[in-house]
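S.K.: So you can see what is in the structure, the chains are spelled out below.
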Amino acid sequence: MILGIATAFIVSAVLIAVTRKLDVPEIPLYILSGILVSFVYNYFDAEGFLGGELYGEGLLEQFVFVGMAFLVFFSITKFVIDNGRETALDSFKASIWVTLISFTLVAGLAGYMEYGLVESFVFGFAGAFGSSLVNVGLVREEARENHIYGWLIEDINFYQDLLALLLALAFINFYTGSTNFYSLFIALGLILIALALRKILNTLFKRYDFEEEIIMLLGISTFVFITALSETLGLTALTGVLVSGLLFINTELGFEVRERLSSIKDFFIALAFFSIGTIIKIPSNQLLLVATALVIFVTIIRPLLLLTFLSVQGYDLRTSYLAALGNNEISEITVLTTIILLPLITNEIFSTIILAFATSIIIANFSENIGKQIFESKLSDYEFDPEKQSRPSELTNHYIIAGFDDKTQQITNQLENETIIVIDYSLERIKEAEKQQLYHVLGDINSKQTWNHVNFKEAKAIISAASNPQTIQKIKKLDTKAKKILLEEKDQDKVNKRLAEKLKQALKNE
Amino acid sequence: MVFSSLVPIELGLLLFTAFILALVASKTGQPTIMAYIVTGLILGPVGFNLVGDSELIDFIGELGLPLLLFLVGLEMKFDAFRSIFSQVGKIAMGQIISQQSLAFLVAYSLGFGLLESFILSLCTIFGATPIVVKMLTDKKETSTTAGRIDIGTLIIQDIFLVVVLAFLAVGSVSGPGDVLTTLVRIIGLSALIAILSYFGAKIIEKEILGDLSGNKHAFFIQTVAWLFFFVLLSDYLGLSKEIGGFLAGLSLGQLPYSIELTEKVRPLTNFFIAIFFAGIGLTLDANQLFIYWKEALIAIAILSSSAFLVLYGLIKWQGFSTETSFKGAINLTMVSEFSLVAGALAMQNGLITAGMLGYLTLMKLITNGYATYLIQYNDKIYQKFKKIIKQNEDADEAEKHDFDAVILGNSRLDEVIRPIVDSIYEDVVFVEYDPHEMRKLESEGENFVFGDPRHPHIREEVSMNSANVVISLEEDFDLDLLLVEELETKFVAVTEDRSEAEMLKDKGAHHVIIEDYAKEEILKEKLEEVLK
Numbered sequence: 011m012i013l014g015i016a017t018a019f020i021v022s023a024v025l026i027a028v029t030r031k032l033d034v035p036e037i038p039l040y041i042l043s044g045i046l047v048s049f050v051y052n053y054f055d056a057e058g059f060l061g062g063e064l065y066g067e068g069l070l071e072q073f074v075f076v077g078m079a080f081l082v083f084f085s086i087t088k089f090v091i092d093n094g095r096e097t098a099l100d101s102f103k104a105s106i107w108v109t110l111i112s113f114t115l116v117a118g119l120a121g122y123m124e125y126g127l128v129e130s131f132v133f134g135f136a137g138a139f140g141s142s143l144v145n146v147g148l149v150r151e152e153a154r155e156n157h158i159y160g161w162l163i164e165d166i167n168f169y170q171d172l173l174a175l176l177l178a179l180a181f182i183n184f185y186t187g188s189t190n191f192y193s194l195f196i197a198l199g200l201i202l203i204a205l206a207l208r209k210i211l212n213t214l215f216k217r218y219d220f221e222e223e224i225i226m227l228l229g230i231s232t233f234v235f236i237t238a239l240s241e242t243l244g245l246t247a248l249t250g251v252l253v254s255g256l257l258f259i260n261t262e263l264g265f266e267v268r269e270r271l272s273s274i275k276d277f278f279i280a281l282a283f284f285s286i287g288t289i290i291k292i293p294s295n296q297l298l299l300v301a302t303a304l305v306i307f308v309t310i311i312r313p314l315l316l317l318t319f320l321s322v323q324g325y326d327l328r329t330s331y332l333a334a335l336g337n338n339e340i341s342e343i344t345v346l347t348t349i350i351l352l353p354l355i356t357n358e359i360f361s362t363i364i365l366a367f368a369t370s371i372i373i374a375n376f377s378e379n380i381g382k383q384i385f386e387s388k389l390s391d392y393e394f395d396p397e398k399q400s401r402p403s404e405l406t407n408h409y410i411i412a413g414f415d416d417k418t419q420q421i422t423n424q425l426e427n428e429t430i431i432v433i434d435y436s437l438e439r440i441k442e443a444e445k446q447q448l449y450h451v452l453g454d455i456n457s458k459q460t461w462n463h464v465n466f467k468e469a470k471a472i473i474s475a476a477s478n479p480q481t482i483q484k485i486k487k488l489d490t491k492a493k494k495i496l497l498e499e500k501d502q503d504k505v506n507k508r509l510a511e512k513l514k515q516a517l518k519n520e
Numbered sequence: 101m102v103f104s105s106l107v108p109i110e111l112g113l114l115l116f117t118a119f120i121l122a123l124v125a126s127k128t129g130q131p132t133i134m135a136y137i138v139t140g141l142i143l144g145p146v147g148f149n150l151v152g153d154s155e156l157i158d159f160i161g162e163l164g165l166p167l168l169l170f171l172v173g174l175e176m177k178f179d180a181f182r183s184i185f186s187q188v189g190k191i192a193m194g195q196i197i198s199q200q201s202l203a204f205l206v207a208y209s210l211g212f213g214l215l216e217s218f219i220l221s222l223c224t225i226f227g228a229t230p231i232v233v234k235m236l237t238d239k240k241e242t243s244t245t246a247g248r249i250d251i252g253t254l255i256i257q258d259i260f261l262v263v264v265l266a267f268l269a270v271g272s273v274s275g276p277g278d279v280l281t282t283l284v285r286i287i288g289l290s291a292l293i294a295i296l297s298y299f300g301a302k303i304i305e306k307e308i309l310g311d312l313s314g315n316k317h318a319f320f321i322q323t324v325a326w327l328f329f330f331v332l333l334s335d336y337l338g339l340s341k342e343i344g345g346f347l348a349g350l351s352l353g354q355l356p357y358s359i360e361l362t363e364k365v366r367p368l369t370n371f372f373i374a375i376f377f378a379g380i381g382l383t384l385d386a387n388q389l390f391i392y393w394k395e396a397l398i399a400i401a402i403l404s405s406s407a408f409l410v411l412y413g414l415i416k417w418q419g420f421s422t423e424t425s426f427k428g429a430i431n432l433t434m435v436s437e438f439s440l441v442a443g444a445l446a447m448q449n450g451l452i453t454a455g456m457l458g459y460l461t462l463m464k465l466i467t468n469g470y471a472t473y474l475i476q477y478n479d480k481i482y483q484k485f486k487k488i489i490k491q492n493e494d495a496d497e498a499e500k501h502d503f504d505a506v507i508l509g510n511s512r513l514d515e516v517i518r519p520i521v522d523s524i525y526e527d528v529v530f531v532e533y534d535p536h537e538m539r540k541l542e543s544e545g546e547n548f549v550f551g552d553p554r555h556p557h558i559r560e561e562v563s564m565n566s567a568n569v570v571i572s573l574e575e576d577f578d579l580d581l582l583l584v585e586e587l588e589t590k591f592v593a594v595t596e597d598r599s600e601a602e603m604l605k606d607k608g609a610h611h612v613i614i615e616d617y618a619k620e621e622i623l624k625e626k627l628e629e630v631l632k
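Residue numbers (my numbering), protein chains in the order written: chain A, 11 to 520; chain B, 101 to 632.
Hints should not be assumed to be uniformly reliable.
Taking lysine to aspartate or glutamate pairs in the EDC-like style, the calculated list, with each CA pair at most 16 angstroms apart, reads [to be verified]:
no.	chain 1	residue 1	chain 2	residue 2
1	A	Lys493	A	Asp391
2	A	Lys493	B	Glu515
3	B	Lys624	A	Asp501
4	A	Lys504	B	Asp534
5	B	Lys632	A	Asp33
6	B	Lys306	B	Asp534
7	A	Lys470	B	Glu305
8	B	Lys624	A	Asp33
9	B	Lys316	A	Asp501
10	A	Lys512	B	Glu629
11	B	Lys632	A	Glu426
In case anyone wonders, no lab produced these hints; they're calculated from the structure.
Kindly produce the complete structure, drawing on both the sequences and the hints.
M.R.: This is the structure in structure tokens:
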């Protein structure tokens, strides 16, 4: 039993090592490992060198499901939504519309091409929902920096995940003969109970100070037990995954559970995708075309739809474009839903979805940087959101503050009676500028258009505390007579000296 | 349409019961392994018979042992025992020979056959590495002389055990000559794999791990693949999978990344091991468990007390103090979980019956029941017995190495912090997660531990609370908050967020370095010049 799995892990490790400089995401490499191992094994088996199955077939299905369900469970535990964010409502509206239109378009087209109800649903589902898998690291970093498009991506991912889970739950419950309307009702009841219970669980965790091993067991046993129980009670496994995940959202216990389960999740995800690689088959030419169309839809048309909706809601072209770039893959929830629906669809349809999923993940991984470059070279002439700016009709002899952080906010006191205009890409900071009654523009200081918009050529001085060397270089290269007050590399020595003095004092003061 | 079961309810039931019992065990001072075995007993034929055969449970159980041995290998650091290696070697060898001989005599006198007694004696091992090491770590006794002797003895015992496992995996042997040939073959092939893994580890450390260590997921997959490679190789060569796992771990264990690797592998191992030990409980029925209960009680009475006396004598013989000898000996009076591992393997290969595995299981359960308390209260017990056993008092000085200053991370502020820390403190240690920074520290001759300070074990490794100051350059607010609450010593943090800095100060941080303030001053000075 170990042979197949061990070989797949070894092949994956080799592929990861070989492609490490190319920054290829791991998931497609796992699928490829599964395909390679299965191909080689089948070849030698046909030649009579080997005997028996690579894995037990029942076990393979369980690996696929457990791994994918674990991934979705893990993603659910990370759900955090900040309703106080300005972008929350806009993201919600954009998610609803984009999902609705994408689903209708793709599922409708599939129906027109005479695919059955389940197949059309699966294709529509794949076209409608984005994934938080690839972008999550990058997005959190940008959201942490309060870039407005980082917030948008994070919020849209959250709403799409939620919508995807609810839609999948509704479809599976209604469509399958073993369950019915009441089971959906029970599932919704269980979701509410889970949301109420999570705080009690967190209180118990705090009171009894669980050890690491116990936290690991709590997380994994909750997931496996509730998922298995849901299936046994005829509620579908997805209900269990959702309910168990919700028990850990937004609490300290949830954080600890994720920490302790991280390597187990990594192991089972790898196992799930290897196994997927071993069971998929090359689809027919028609389905290959469908996969290509799906990839084109997900990586180009859906982001364009999103861009349009965000622009209609008043976001400038750059913000809408960058937010849309973060929504160009097929969701992992699509893969899980397809697995649950496997008894109702053919292996070819499943393989089509997997092929499109893996391709979209690879494209999404590379599109982040390329997308930004394309924007700067081709689309840099755009209008700013009139509601997120305040600018006098004539802007000359003024001070530009590029990046309104704690340091530059203190500097405005020294510029009384001067015209100041603030540029920042964070909605919060722009609001702060507005509160201080300063002129402001919501825009990226890395974008040429932003500088033109604040008439940098006729400014008296540009003040920035930006630490990114590329941004500093960009400001230094601006063709203007304005004085540039920046924190440069050479200033770091002075900064270090002052910090050292303070630290020395602190350490010596017992 | 009825969907097939995607997650077996048996697995859910098993894990949930294991969680409940492990929680009870941890609150009553018992090792969680006990809880897992009892889980199997409750859910299996001995109890309610709710969990039967499941391919997924079998698969997870099958991987459990190689993973456990991999973790044992990863945690073995030969450097830590170099200074007392020769003394510990003599103690361990003496303990293994005397204990195995005694276990054989007891089993044979209790009526087991000659071969069975021999196999049972191989499986009767006193001193459970994971439990003892964990308890000593929790009690912060790993760096005391008694603690180091115990851990050193356990390491040598584990190596002996790996050979035993390989031997048991071979199955039947036809006579003493065959035993010898088998042993020579096992040792020869193991040495071959050990050499291969040692040099292989050096190569992958240099060529691959360094590049991938920034990507935690890829780093972990490389580690698991390394384990599987040696498991397959070892299996192919006719050795046990466990020996492959152990040697794969041992080679990585000597690398600077080993602590981080250990922390990644530990939760996965704990999960697989929970199912493995529950699986042992599931294989037994009530008759098999209790068929040799009287023999088990007699064996415990003789072997557990002799384990203490023999080890006490051996440690004393090597010139250690009475207290060290007493504590070192009392810590190793429980039957190891490897007894069950070896027993299960022997049963699989038809060398012993299920009833004999029950005999070993009972010994394990009962000795664990009391021995954990002996470790927990070893100090109090020693105080009670001190007057009786102490002849010549020679104070046992703890040789714990404490650092004056602990620096987490080696960031851009390094050049600010290091000269000041070096001018005030003598003994400084860095906790570094970035391999390139780690290499830099190594080349500069600094003390360092490679690992993520978010892991509690890594924090324990550098005894933070014993340091005069802990400086975190990680700029991770969650970590800083945790440290400020956990540490009783002076704590310095770095942040760029002023509200975070205020919060850290309120919680008790001694000093918070805010680069922003210094930068703000410089920016203001520059503006003033322009305005003039």
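S.K.: Look at each hint and say if it fits the structure.
M.R.: Do the hints match the structure? See the list:
no. : hint                : in the structure
1   : A:Lys493 x A:Asp391 : violated (26 angstroms)
2   : A:Lys493 x B:Glu515 : violated (31 angstroms)
3   : B:Lys624 x A:Asp501 : holds (13 angstroms)
4   : A:Lys504 x B:Asp534 : violated (27 angstroms)
5   : B:Lys632 x A:Asp33  : violated (51 angstroms)
6   : B:Lys306 x B:Asp534 : holds (14 angstroms)
7   : A:Lys470 x B:Glu305 : violated (55 angstroms)
8   : B:Lys624 x A:Asp33  : violated (42 angstroms)
9   : B:Lys316 x A:Asp501 : violated (35 angstroms)
10  : A:Lys512 x B:Glu629 : violated (25 angstroms)
11  : B:Lys632 x A:Glu426 : holds (14 angstroms)
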